[in-house]
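Participant: In case you want the letters, here they are:
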Amino acid sequence: MSVTIAMSLNLRGLSCPMPIVKTAKAMKELGPGQLVEVFATDPGSVPDFKAWSQSTGNPLMETNQEDGVYRFILKKKEL
Amino acid sequence: VASEVVVLGGGVGGTICANLVAKQSQGRAHVTVVDATGTHVYQPGFLYVAVGQEKPASLQHSEASLLRSEVSLVVDRASRVDPGAQTVLLESGRTLRYDQLLLATGSRTMMEEVPGADDVHDFYTMAGAMRLFEALKTFEGGTIVLGVAGIPYKCPPAPVEFVFLLDDYLKARGIREKAQIKLLSPLNRAFTIEATSKLVQPILAERGIELTGFFNVESVDPVAKTVTSLEGETVGYDLLVLVPPHRGQKVIEDSGLGDERGWVPVDKNTLKHTMFQHIWAIGDTTNIPISKSGSVAHYEASVAAAEITAAARGEAPPAHVYDGKVMCFLETGHGQATTIRFDYDHPPVSPSPSRLWHWAKLLFNKTYWHTVPQGRLP
Chain A
1473 MSVTIAMSLN LRGLSCPMPI VKTAKAMKEL GPGQLVEVFA TDPGSVPDFK
1523 AWSQSTGNPL METNQEDGVY RFILKKKEL
Chain B
3 VASEVVVLGG GVGGTICANL VAKQSQGRAH VTVVDATGTH VYQPGFLYVA
53 VGQEKPASLQ HSEASLLRSE VSLVVDRASR VDPGAQTVLL ESGRTLRYDQ
103 LLLATGSRTM MEEVPGADDV HDFYTMAGAM RLFEALKTFE GGTIVLGVAG
153 IPYKCPPAPV EFVFLLDDYL KARGIREKAQ IKLLSPLNRA FTIEATSKLV
203 QPILAERGIE LTGFFNVESV DPVAKTVTSL EGETVGYDLL VLVPPHRGQK
253 VIEDSGLGDE RGWVPVDKNT LKHTMFQHIW AIGDTTNIPI SKSGSVAHYE
303 ASVAAAEITA AARGEAPPAH VYDGKVMCFL ETGHGQATTI RFDYDHPPVS
353 PSPSRLWHWA KLLFNKTYWH TVPQGRLP
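Protein chains in written order, with the numbering used here: chain A, 1473 to 1551; chain B, 3 to 380.
None of these hints come from the bench; they were simulated from the model.
Among the hints, erroneous ones may be present.
Each computed DSBU-like pair below joins lysine-lysine, with the alpha-carbon atoms no more than 30 angstroms apart [stated by the list, open to error]:
#: 1; chain 1: B; residue 1: Lys368; chain 2: A; residue 2: Lys1494
#: 2; chain 1: A; residue 1: Lys1549; chain 2: B; residue 2: Lys227
#: 3; chain 1: B; residue 1: Lys173; chain 2: B; residue 2: Lys139
#: 4; chain 1: B; residue 1: Lys368; chain 2: B; residue 2: Lys139
#: 5; chain 1: B; residue 1: Lys139; chain 2: A; residue 2: Lys1500
#: 6; chain 1: A; residue 1: Lys1497; chain 2: B; residue 2: Lys200
#: 7; chain 1: A; residue 1: Lys1497; chain 2: A; residue 2: Lys1549
#: 8; chain 1: B; residue 1: Lys327; chain 2: B; residue 2: Lys139
#: 9; chain 1: B; residue 1: Lys252; chain 2: A; residue 2: Lys1494
#: 10; chain 1: B; residue 1: Lys173; chain 2: A; residue 2: Lys1500
#: 11; chain 1: A; residue 1: Lys1494; chain 2: B; residue 2: Lys200
#: 12; chain 1: A; residue 1: Lys1494; chain 2: B; residue 2: Lys227
#: 13; chain 1: B; residue 1: Lys227; chain 2: B; residue 2: Lys274
#: 14; chain 1: A; residue 1: Lys1497; chain 2: B; residue 2: Lys227
#: 15; chain 1: B; residue 1: Lys200; chain 2: B; residue 2: Lys270
#: 16; chain 1: B; residue 1: Lys252; chain 2: A; residue 2: Lys1497
#: 17; chain 1: B; residue 1: Lys270; chain 2: B; residue 2: Lys227
#: 18; chain 1: B; residue 1: Lys270; chain 2: B; residue 2: Lys252
#: 19; chain 1: A; residue 1: Lys1500; chain 2: B; residue 2: Lys227
#: 20; chain 1: B; residue 1: Lys252; chain 2: B; residue 2: Lys327
#: 21; chain 1: B; residue 1: Lys184; chain 2: A; residue 2: Lys1497
#: 22; chain 1: A; residue 1: Lys1522; chain 2: B; residue 2: Lys184
#: 23; chain 1: A; residue 1: Lys1549; chain 2: B; residue 2: Lys184
#: 24; chain 1: B; residue 1: Lys270; chain 2: A; residue 2: Lys1494
#: 25; chain 1: A; residue 1: Lys1494; chain 2: B; residue 2: Lys327
#: 26; chain 1: B; residue 1: Lys270; chain 2: B; residue 2: Lys25
#: 27; chain 1: B; residue 1: Lys184; chain 2: B; residue 2: Lys139
#: 28; chain 1: B; residue 1: Lys368; chain 2: B; residue 2: Lys173
#: 29; chain 1: B; residue 1: Lys274; chain 2: A; residue 2: Lys1494
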């Protein structure tokens, strides 16, 4: 199954809480069900994205890491 | 012939660096500080002005009195830097040529970027802190909300410190039980640093200060008296205090020296501009993802001074680089405080709050004028 990423954010090098704030801002532009892909290098972003997803109801679809870069896929919550 | 060193900004970083270059270059550099007001302002004191613990006059000194006699001060506003021609154009029309340039212009607050926030309070400018104190003096009860409307902002612990000092202030006036204090935090904890949050959160609970997590302020409705977050939540208020969005100074943006928010890209160790030769930046001015605080500007100033002095003397750059050192005090109310210390390689540590750190902070605030700008503290 292929997924379409509606928006990709390069937040490499930013420290917490910048990745959360930038993602929250960017997701305002998305429609319900659309996906955003986030690249970050701050290790603290792993627990932060998980908690933010649970708190706001925007599902965290995927978390993985390659060469010190974390990739998160979040889905804008349905209305 | 002496090198011309120009320093834009007479804040903590610019002043220390100018004094150190003048001293260390031993006549091989002539240093000029350009400052828009000619008044040096101790910004960490704004927090205390807001709760009536400090007078505005004691936070301001003439910049000229803090500079070594061989440093020239130009009270004017820099309007354009031309990195190719190595010149700075001033608002008066005068042009300064430089061999080495230090950008220490700091940040500016942009409350106008928050829809509906025209009359919102803040303690990030002297005027804002004074106006907030006036509002608190006539406050008789209701909900006081503190929110964060943009990141990065100066002095990361300040929002937490403010709610603690506010709790003390309201108790002293005998109206604490008529007031609710709410802290809206960008993350799911009181403070970005986890270790410090763990220390601070039980104290917030003990003082009856309500913490709401993942609340990144997006807009204010001044009629309904509500504040709404990017996450879609809404909170009502009687008195709203916001940390305003910050960005770099206009001269940085107009000269194409910064990123989209006007922060100057520098090497995180040497503080040299990543794109232009002969330019360094320190303090709030840079894009380095660490605290925007006086302590960072202070530590960076000695590194930039060594770099600039070496360049002015035609010597190799110094081995000593900036290691990301940050040191912040954090007031926890009831006459106690803690500290937060870390660098690029060491995670933050905070001791348990005590009276000792509160006194250390007050002592630092008082002795600042005689030690820090002159570069007498390492």
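Participant: State the violated hints by number, sorted upward, taking the hints as numbered earlier in the document.
Facilitator: Of the numbered hints given earlier, those the structure breaks are 1, 5, 8, 10, 13, 17, listed in rising order.
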